[in-house]
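Chemist: Line by line, the protein sequences give chains A and B. Under my numbering, the first sequence has 41 at position 41, and the numbering climbs by one with no breaks. Under my numbering, the second sequence has 90 at position 90, and the numbering climbs by one with no breaks.
Possibly wrong hints are sitting among the right ones.
To be verified - Calculated lysine to any residue pairs in the SDA-like style (CA-CA distance at most 20 Å, straight line):
{"id": "1", "chain 1": "A", "residue 1": "K105", "chain 2": "B", "residue 2": "Q22"}
{"id": "2", "chain 1": "B", "residue 1": "K9", "chain 2": "B", "residue 2": "Q85"}
{"id": "3", "chain 1": "A", "residue 1": "K69", "chain 2": "A", "residue 2": "N23"}
{"id": "4", "chain 1": "A", "residue 1": "K3", "chain 2": "B", "residue 2": "Q37"}
{"id": "5", "chain 1": "A", "residue 1": "K105", "chain 2": "B", "residue 2": "P39"}
{"id": "6", "chain 1": "B", "residue 1": "K71", "chain 2": "B", "residue 2": "T54"}
{"id": "7", "chain 1": "B", "residue 1": "K9", "chain 2": "A", "residue 2": "H40"}
{"id": "8", "chain 1": "B", "residue 1": "K14", "chain 2": "B", "residue 2": "E79"}
{"id": "9", "chain 1": "A", "residue 1": "K3", "chain 2": "B", "residue 2": "E79"}
{"id": "10", "chain 1": "A", "residue 1": "K3", "chain 2": "B", "residue 2": "K14"}
{"id": "11", "chain 1": "B", "residue 1": "K9", "chain 2": "A", "residue 2": "A60"}
{"id": "12", "chain 1": "B", "residue 1": "K71", "chain 2": "B", "residue 2": "Q22"}
{"id": "13", "chain 1": "A", "residue 1": "K105", "chain 2": "B", "residue 2": "Q85"}
{"id": "14", "chain 1": "A", "residue 1": "K52", "chain 2": "B", "residue 2": "K71"}
{"id": "15", "chain 1": "B", "residue 1": "K57", "chain 2": "A", "residue 2": "G101"}
{"id": "16", "chain 1": "B", "residue 1": "K9", "chain 2": "A", "residue 2": "K3"}
{"id": "17", "chain 1": "B", "residue 1": "K9", "chain 2": "A", "residue 2": "I39"}
{"id": "18", "chain 1": "A", "residue 1": "K3", "chain 2": "B", "residue 2": "L45"}
{"id": "19", "chain 1": "A", "residue 1": "K109", "chain 2": "A", "residue 2": "A60"}
{"id": "20", "chain 1": "A", "residue 1": "K3", "chain 2": "B", "residue 2": "V60"}
{"id": "21", "chain 1": "B", "residue 1": "K71", "chain 2": "B", "residue 2": "V60"}
{"id": "22", "chain 1": "B", "residue 1": "K9", "chain 2": "A", "residue 2": "Q42"}
{"id": "23", "chain 1": "A", "residue 1": "K105", "chain 2": "B", "residue 2": "R44"}
{"id": "24", "chain 1": "A", "residue 1": "K105", "chain 2": "B", "residue 2": "Q37"}
{"id": "25", "chain 1": "A", "residue 1": "K105", "chain 2": "B", "residue 2": "V60"}
Hints are computed from structural coordinates only; laboratory data are not their basis.
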Amino acid sequence: DAKTTQPTSMDCAEGRAANLPCNHSTISGNEYVYWYRQIHSQGPQYIIHGLKNNETNEMASLIITEDRKSSTLILPHATLRDTAVYYCIVRVYNFNKFYFGSGTKLNVKP
Amino acid sequence: NAGVTQTPKFQVLKTGQSMTLQCAQDMNHNSMYWYRQDPGMGLRLIYYSASEGTTDKGEVPNGYNVSRLNKREFSLRLESAAPSQTSVYFCASSEEIGRGGYTFGSGTRLTVV
Numbered sequence: 001d002a003k004t005t006q007p008t009s010m011d012c013a014e015g016r017a018a019n020l021p022c023n024h025s026t027i028s029g030n031e032y033v034y035w036y037r038q039i040h041s042q043g044p045q046y047i048i049h050g051l052k053n054n055e056t057n058e059m060a061s062l063i064i065t066e067d068r069k070s071s072t073l074i075l076p077h078a079t080l081r082d083t084a085v086y087y088c089i090v091r092v093y094n095f096n097k098f099y100f101g102s103g104t105k106l107n108v109k110p
Numbered sequence: 001n002a003g004v005t006q007t008p009k010f011q012v013l014k015t016g017q018s019m020t021l022q023c024a025q026d027m028n029h030n031s032m033y034w035y036r037q038d039p040g041m042g043l044r045l046i047y048y049s050a051s052e053g054t055t056d057k058g059e060v061p062n063g064y065n066v067s068r069l070n071k072r073e074f075s076l077r078l079e080s081a082a083p084s085q086t087s088v089y090f091c092a093s094s095e096e097i098g099r100g101g102y103t104f105g106s107g108t109r110l111t112v113v
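Work the whole structure out from these sequences, hints included.
Modeler: In structure tokens, the structure reads:
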């Protein structure tokens, strides 16, 4: 799996969009970008994934640059319950194991 | 729909004791995994099972054994617990290879004294 780089922590005001960046400059053509989050004392929660096109679901949007070397997870209207550690993971689509790094601690403030 | 269920939620062991962590999923997923999470670190893969009847080592398998009992259940055994195995353990499952995200259990907090 390609290595990813994320900021250690970020702050966001409640109700505003939270934009979490991830750098994956060594990504291969067949590797997907996945995002998970972990709220304190709970198991990780899957958010979204994509290959090259931008993706959106009920939780978030994923924007992948044209060269695929970086991506941004967007939480459109952050709430206090979105305070968590967010993990960006890059892996081959059909390879069934992957590793989590240290992630970004998102602090949503009132 | 319970998803991934782990038992127990908390456990304290003495050094040298053994125990088995249980994991069951009700989503008909083929693949299952065990991770450990230590303070300040991400999740590290201990063992995984790509399908029923198969198991493989992950990043940190030493001191652990696993059993894929059937399609639903994947257990993790500590034969002789050590303080270094104090951690939070997560079980996860996924669909057919490469489809969608992983579903995680709520974790087992294990302390070895």
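Chemist: Would you mind marking each hint as holding or not holding in the structure?
Modeler: Tested hints:
Annotation: proposed proximity of K105 (chain A) to Q22 (chain B) is violated, straight-line Cα distance about 30 Å (limit 20 Å). A hinted pair counts as satisfied when its Cα atoms are at most 20 Å apart, and K9 (chain B) with Q85 (chain B) qualifies at roughly 16 Å. Restraint check: the Cα-Cα separation between K69 (chain A) and N23 (chain A) comes to about 6 Å, which is no more than 20 Å; the hinted pair holds. Restraint check for K3 (chain A) and Q37 (chain B): satisfied, since their Cα atoms lie roughly 19 Å apart, inside the 20 Å limit.
For the given pair, K105 (chain A) sits about 14 Å from P39 (chain B) by alpha-carbon distance, which is consistent with the 20 Å threshold. Of the pairs offered as hints, the one joining K71 (chain B) and T54 (chain B) holds, with about 11 Å between alpha carbons and a cut-off of 20 Å not exceeded. Taking the CA atoms of K9 (chain B) and H40 (chain A), the gap is near 15 Å; set against the 20 Å cutoff, the hint holds. As the CA atoms of K14 (chain B) and E79 (chain B) are separated by approximately 12 Å, the hinted pair is consistent with the 20 Å bound.
A threshold of 20 Å between alpha carbons decides the hint, and for K3 (chain A) with E79 (chain B) the separation of about 33 Å lies outside it, so the pair is violated. A distance of roughly 37 Å separates the Cα atoms of K3 (chain A) and K14 (chain B); the hinted pair therefore is violated under the 20 Å criterion. A C-alpha spacing of about 30 Å is found between K9 (chain B) and A60 (chain A), which places the hinted pair above 20 Å, so the restraint is violated. Of the supplied pair hints, the one linking K71 (chain B) and Q22 (chain B) holds, its CA atoms being roughly 13 Å apart against a limit of 20 Å.
Proximity of K105 (chain A) to Q85 (chain B) is assessed by CA-CA distance (about 25 Å); at most 20 Å being required, the pair is judged violated. Distance check on the hinted pair: K52 (chain A) and K71 (chain B) sit about 33 Å apart at the alpha-carbon level, beyond 20 Å; violated. For the given pair, K57 (chain B) sits about 19 Å from G101 (chain A) by alpha-carbon distance, which is consistent with the 20 Å threshold. A distance of roughly 32 Å separates the Cα atoms of K9 (chain B) and K3 (chain A); the hinted pair therefore is violated under the 20 Å criterion.
Of the supplied pair hints, the one linking K9 (chain B) and I39 (chain A) holds, its CA atoms being roughly 17 Å apart against a limit of 20 Å. A hinted pair counts as satisfied when its Cα atoms are at most 20 Å apart, and K3 (chain A) with L45 (chain B) qualifies at roughly 16 Å. With a CA separation close to 19 Å, the supplied pair K109 (chain A) and A60 (chain A) stays within the 20 Å bound. A threshold of 20 Å between alpha carbons decides the hint, and for K3 (chain A) with V60 (chain B) the separation of about 18 Å falls inside it, so the pair holds.
With a C-alpha separation of about 23 Å, the suggested pair K71 (chain B) and V60 (chain B) falls outside the 20 Å cut-off, and the hint is violated. Of the supplied pair hints, the one linking K9 (chain B) and Q42 (chain A) holds, its CA atoms being roughly 11 Å apart against a limit of 20 Å. In summary, the hint linking K105 (chain A) to R44 (chain B) is supported, as the alpha carbons are separated by about 18 Å, within the 20 Å threshold. Between K105 (chain A) and Q37 (chain B) the CA atoms are separated by roughly 16 Å; this keeps the pair inside 20 Å, and the hint holds.
A distance of roughly 25 Å separates the Cα atoms of K105 (chain A) and V60 (chain B); the hinted pair therefore is violated under the 20 Å criterion.
Against the hints set out earlier in the document, violations occur for numbers 1, 9, 10, 11, 13, 14, 16, 21, 25.
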